[in-house]
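Protein chains in written order, with this note's numbering: chain A, 2 to 124; chain B, 189 to 300.
These aren't lab readings, by the way, just hints derived from the structure by calculation. Take the hints with a grain of salt, since some may be wrong.
Keeping only pairs whose Cα atoms sit at most 25 Å apart, straight-line, the calculated BS3-like set for lysine-lysine is [what the hints assert, rightly or not]:
no. : chain 1 : residue 1 : chain 2 : residue 2
1   : B       : 256       : A       : 116
2   : A       : 44        : A       : 116
3   : A       : 53        : B       : 235
4   : B       : 235       : B       : 256
5   : A       : 44        : B       : 235
6   : B       : 296       : A       : 77
7   : A       : 116       : B       : 296
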Amino acid sequence: EVQLVESGGGLVHPGGSLRLSCAASGFTFSSHWMHWVRQAAGKGLVWVSRMKSDGSSATYADSVRGRFSISRDDAKNTVDLQMDSLGVEDTAVYYCARGGSWAARGYYYMDVWGKGTTVTVSS
Amino acid sequence: QSVLTQPPSVSGAPGQRVTISCSGSSSNIGAGFDVQWYQQLPGTAPKLVMFGTVNRPSGVPDRFSGSKSGASASLAITGLQADDEADYYCQSYDRSLSGSVVFGGGTKLTVL
Numbered sequence: 002e003v004q005l006v007e008s009g010g011g012l013v014h015p016g017g018s019l020r021l022s023c024a025a026s027g028f029t030f031s032s033h034w035m036h037w038v039r040q041a042a043g044k045g046l047v048w049v050s051r052m053k054s055d056g057s058s059a060t061y062a063d064s065v066r067g068r069f070s071i072s073r074d075d076a077k078n079t080v081d082l083q084m085d086s087l088g089v090e091d092t093a094v095y096y097c098a099r100g101g102s103w104a105a106r107g108y109y110y111m112d113v114w115g116k117g118t119t120v121t122v123s124s
Numbered sequence: 189q190s191v192l193t194q195p196p197s198v199s200g201a202p203g204q205r206v207t208i209s210c211s212g213s214s215s216n217i218g219a220g221f222d223v224q225w226y227q228q229l230p231g232t233a234p235k236l237v238m239f240g241t242v243n244r245p246s247g248v249p250d251r252f253s254g255s256k257s258g259a260s261a262s263l264a265i266t267g268l269q270a271d272d273e274a275d276y277y278c279q280s281y282d283r284s285l286s287g288s289v290v291f292g293g294g295t296k297l298t299v300l
């Protein structure tokens with residue numbers, strides 16, 4: 002069964018850091034782009050970051066560039082999101098998602114999603 | 189303000205057909221980039237229900253169909269069922285934005 006399981010969420014003070022992790026199973030992890038998408042309570046989906054299947058390329062939304070860093074470990078089948086200088090606006094559920102396989106479009110669509118992990122930034 | 193524009197809500201009675209629109213621009217849908225649709229049931233993670241504008245993932249019923257015209261796309265659901273009630277998000281790629289993965293603001297589908 003294809004599965005993504007996020008962990009690492011929690012409560013952090015403004016200006017603090019948090020590292021999210023996503024454990025993948027049931028598919029060839031090294032063949033897929035991996036994404037992070039977030040959703041504030043009652044709001045829509047917002048793409049955060051992606052990493053290419055071979056780890057050679059990482060891309061970020063403007064709102065997190067310079068503060069967040071994505072990485073992957075193909076030996077462990079994990080993708081992490083290091084989040085620094087967190088602000089209240091970063092409060093959201095963070096979803097890990099797999100880039101799809103169709104027509105080499107995995108860099109911009111997601112076919113499998115995890116259940117998410119909640120990040121709360123508050124003093 | 190989302191790059192892709194969706195109506196906040198649509199509704200229909202069981203058995204009816206509804207469509208959800210997604211309006212973009214010449215830098216995303218109008219530039220020829222594919223559209224995806226995700227269904228998010230209350231309290232759950234999003235689920236892909238349409239990719240490449242017109243393709244249904246395995247397991248998604250053929251009551252769901254996608255289309256595109258110019259800079260807009262639509263998701264149609266026929267034979268509406270109670271468990272179709274969810275939030276639906278369109279998504280595409282925008283060449284004018286760094287990162288470039290863009291979502292619509294979401295549409296709440298209510299089955300009357």
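Hint-by-hint comparison with the structure:
1. 256(B) <-> 116(A): 30 Å, violated
2. 44(A) <-> 116(A): Holds - the C-alpha atoms of residue 116(A) and residue 44(A) are around 16 Å apart, at most 25 Å.
3. 53(A) <-> 235(B): 21 Å, holds
4. 235(B) <-> 256(B): 20 Å, holds
5. 44(A) <-> 235(B): 16 Å, holds
6. 296(B) <-> 77(A): 38 Å, violated
7. 116(A) <-> 296(B): 20 Å, holds
Figure legend: structure checked against the earlier numbered hints; hints not met, in rising order: 1 and 6.
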